[in-house]
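Protein chains: 2
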Amino acid sequence: MKIAILGVGLIGGSIGLAAKRDAEARVSGYDPEPEAGARALALGAIDERAETIAEAVKDADVVFAAAPIGWLATIVIEALEHADSDCVVSDVGSTKLALELAANDGRFVGGHPLAGAETAGVEHARADLFAGASWYLTPTQGTSGVLYERLHRLLVSFGAQPTAIDAKLHDRLMACFSHLPHVLANLLVAQGSARAQELSSGERLPAAGPSFRDATRVAGANTAIWRDIYISNRLALIGEIGGTIERLEQVRALLEEGDADAVAAWNDRAREQRDALLGAGLAGETSGEPVRELRASVPNRPGVVADIALALGGAGVNILDMALSPSPDDSQGVIALWLRGETAALRGEQLIHDLGFPVARA
Amino acid sequence: MKIAILGVGLIGGSIGLAAKRDAEARVSGYDPEPEAGARALALGAIDERAETIAEAVKDADVVFAAAPIGWLATIVIEALEHADSDCVVSDVGSTKLALELAANDGRFVGGHPLAGAETAGVEHARADLFAGASWYLTPTQGTSGVLYERLHRLLVSFGAQPTAIDAKLHDRLMACFSHLPHVLANLLVAQGSARAQELSSGERLPAAGPSFRDATRVAGANTAIWRDIYISNRLALIGEIGGTIERLEQVRALLEEGDADAVAAWNDRAREQRDALLGAGLAGETSGEPVRELRASVPNRPGVVADIALALGGAGVNILDMALSPSPDDSQGVIALWLRGETAALRGEQLIHDLGFPVARA
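Chains as they are written, first to last, in our numbering: chain A, 460 to 821; chain B, 460 to 821.
Only chain A is shown next, with the shape it has when bound in the complex:
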C-alpha cells in the first residue's frame, strides 16, 4: 500500500509512523517547507520526499491532507486532480462542512482525528498518537463505499476509533464543545482587563479563586491555528454564539426578578447537566462510573503534589484531572482531584487524609 501525506507536521508525521508500523505502507510525503520534509524523512515518518503534490499522490492508495485548515481545500482539490480513480483522499481538519462542499468527489472522505491538538511539529510525531482516539469521518451519499471502507480499516489499524458523522452536526458539536469555550475565554479576559483599568494605580486585582483562571486558560490560543478555525467554522460558531446570548438574557432576567428559588433551580440544573455530560463521555470517560471530585488544602511547596500523586499512584488510584489553586502568597493552596468512581474517591480521600491534609468532597 502506498500512502501520501500532504503536510508533514505532528499529525501528518504521526500518520506516517502509524502507517509504516501498522499497515506496512510505503509513505510518500510532501511539504511546501523543505525543512519539514527533511525532518520527517530523518525521523522515519516518511519513506520518500515528493517535490509536488502530483508526485506524492501518484499511485497512492490513500492520501491524507494534513496542512493548516486554511490550505486544505486547495490541497485536497489538487490531490483529487492527480490521484488515481481508486484512491481515497482524506484530511485532518477540525471543521468539515466547508471542505465537503468544496471537494465534491466520490473519492473524498473528510476526517478529523481528536488527537494532537496541544503540540505541533513533526519532532513530536509518534505512531501511537491515535491509539484510542475518536477519528470523525464525514462520508456523503456520493462517497465510494469501497474507498470509505479502506480508509476506515486503515484508521482502525492505527488504533483509532473511526466514527461517521454528518459534517454539519460535526461542526456544530465542535463549535459548542471547543470553539465556543475559546470565544468565551477571550471575552472574559477582555472584560477582566476593562475592570482592572478601573482600579487606581497600586490597587491590586483580586486573586478571585480558580474559576476565572480555569475559564481563561485558552484565551488567545495560538492565532495561526485559531484564526483559521474560527473562520472556517464561523457558520456553526455564529449559531452557538446566538444561543449563548439568548441564555445570558434569560439568566439576566432571572437575576432582575431576584427570585432565589429560580436561581437555585437553574444552578441545580447546571450541576445535573455537567454530571450528565461528564457521564456521557465528554471527558473521554468510557466507564459508567461517575467522576468524583476531592478538594484538599495543602501547603504550596515543591513536592506536595508529588506526595499526593505518589500516594494515589502507589495505591493504583488514577487521577483523571487535577487543578492546583495557589493562595495569594503561594504559601498554601487547594488541590482539586477528579477520580473515577466511588471506590477510588473513598480510597483517595483516606490516602490524602493519612498524609495530614484536610480533604473534602466538592
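Quick caveat, the hints were computed from the structure, so don't treat them as lab data. Just so you know, even glycine gets a beta-carbon here, dropped at the ideal spot from N, CA and C. Hints may be right or wrong, so weigh each one.
To be verified - Pair ranges (Cβ atoms, derived):
id, chain 1, residue 1, chain 2, residue 2, range
1, B, A561, A, K627, 46 to 56 Å
2, B, S544, A, G701, 55 to 65 Å
3, A, G529, B, Q709, 20 to 30 Å
4, A, A683, B, A623, 42 to 52 Å
5, A, N681, B, K627, 34 to 44 Å
6, B, S544, A, F816, 36 to 46 Å
7, A, T802, B, G503, 29 to 39 Å
8, A, E705, B, E483, 50 to 60 Å
9, A, G529, B, A712, 14 to 24 Å
10, A, G604, B, D718, 39 to 49 Å
11, A, G800, B, A653, 23 to 33 Å
12, B, A653, A, A683, 29 to 39 Å
Said to hold, decoys possible - Example chain A residues on the side facing chain B (calculated, C-beta under 8 Å, incomplete):
id, residue
13, R654
14, A655
15, A674
16, R733
17, L805
Put chain B on the given structure of chain A with help from the hints.
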C-alpha cells in the same frame, strides 16, 4: 481582647484559632446549630459557646459575622444592637454593597477574606487560613477611624493583607472575576446538553479537548452558597452579563464579516490581555516575572504526574498550576504546567525532556 464570632464554620473557626494564636484573644462563639458550636469548642476554635448573639457580643471588642451571606444583614444588625459603643462589627460575606446599605453604623466595617471558599466546616478550620490572603475592607465616610484601625491591626496579626476598597467596585470586581465565570460555566453545560441531545442514541460525544472541561469545572457549584451569592450581588452581575452580551455581539459581527485579519487581531489582543492580567496578580502572582506554560505528552498511568512533580520539586521548580487532559482511552494525555519565570520554564522543560516525555511551550 474579646472577640465574638457569629457562625462557626470554616471561616469563623479559622478566625477563632487565629485570634487565639495571634492576638491572645478570648473568643466567644455563637452558632444557631448547637452541634457546630460544640465542634468548634472541642477543636479549640472558640473558648466559650454563647446561647444568643447578645450574649456573644457582650463586652466584645471585635465581632465577626461569618454566616451564610443571606443571613448576614440580620445578624449584623442584631449584633450592632447589642454591641458596646466602642466595638467594631465586621463580616466575611463575598458581596458588600447591600450589607453596607443595611448596616449604616459607624461601628460596622464590611469585610471579605479571599480564602477558604473551597471547603466548608469548622473541622477544616486552621489558624493560618488567612496567611498571605487579601482581606477586603469596605469602610465608608461614617466609619470610626479608631475601630477601623483595630480591625485592620487584628487582620494583619492573622497574616492577612487588609485592603480598603469601595464596596461597589468590590462587588463589580467579584462579579467579573468570580461570579461571571460561574454563570458562563452554567450556560456552557446547558448549551452542551442541548447539542448532546441532537446525537442519535449510541453516538458518543466528542472528547473535545480540555477547553470545555476547564470552562465548566465550576458549573452548578454548591447551590446553598451560590444561590445567595448570585442574589446578593445581582446588581453588579447584571451589569457584567450585559457587557458579555455586547462583546458576544461584536464577535458575532466579526465572524459574520469573515475578516480573518480582524479575527486574528482580536485573538492576539486576548492573549495580551490574559498575560497582562496574569502579570497583574490575578493568579496570586506577586513576582513581576511572567508565567510560562509547558505542555508535555505523557502516558496516562498512575505515577507519571508524580514523576514530573518530583523531578521539578527536587530541582526547586514550583508548579503554580497544572491540568491533565486524558485521551479518550486514558492511555495517554497532555499535562499542562504553569511555572513562574523563564528560568523555571527552561529548567522544567529540560527536566521533563530528561524523563523522556515530549514537551513544548504552549
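Evaluated hints:
Between A561/B and K627/A the beta carbons are some 53 Å apart, a value that agrees with the proposed interval 46 to 56 Å. A beta carbon spacing of about 58 Å between S544/B and G701/A agrees with the range 55 to 65 Å that was offered as a hint. Evaluation of the 20 to 30 Å hint for G529/A and Q709/B yields a pass: the beta carbon distance comes to about 23 Å. About 45 Å separates the C-beta atoms of A683/A and A623/B, a value consistent with the hinted range of 42 to 52 Å.
At about 38 Å, the beta-carbon gap between N681/A and K627/B stays in the expected band of 34 to 44 Å. For S544/B and F816/A, the hinted distance range of 36 to 46 Å is satisfied, since their beta carbons lie about 44 Å from each other. Checked against the given bound of 29 to 39 Å, the beta carbons of T802/A and G503/B, roughly 35 Å apart, stay inside it. Hint check: E705/A to E483/B, Cβ distance near 57 Å, so the stated range 50 to 60 Å holds.
Between G529/A and A712/B the C-beta distance comes to about 21 Å, which sits within the given range of 14 to 24 Å. Taken as a hint, the range 39 to 49 Å holds for the pair G604/A and D718/B, whose Cβ atoms sit roughly 41 Å apart. At about 28 Å, the beta-carbon gap between G800/A and A653/B stays in the expected band of 23 to 33 Å. In this structure the supplied range 29 to 39 Å holds for A653/B paired with A683/A, their Cβ-Cβ distance being about 31 Å.
A distance limit of 8 Å between C-beta atoms decides the matter here; for R654/A the minimum to chain B is near 5 Å, and the interface restraint holds. Among the interface hints, the one on A655/A holds; its C-beta lies about 6 Å from the nearest C-beta in chain B, closer than the 8 Å criterion. At a threshold of 8 Å, the smallest CB-CB gap from A674/A to chain B is about 4 Å, leaving the interface hint in force. A distance limit of 8 Å between C-beta atoms decides the matter here; for R733/A the minimum to chain B is near 4 Å, and the interface restraint holds.
The interface hint given for L805/A is violated, since its Cβ lies 17 Å from the closest Cβ of chain B, which is over the 8 Å cut-off.
Hint 17 from the earlier list is the only one contradicted by this structure; the remaining hints agree with it.
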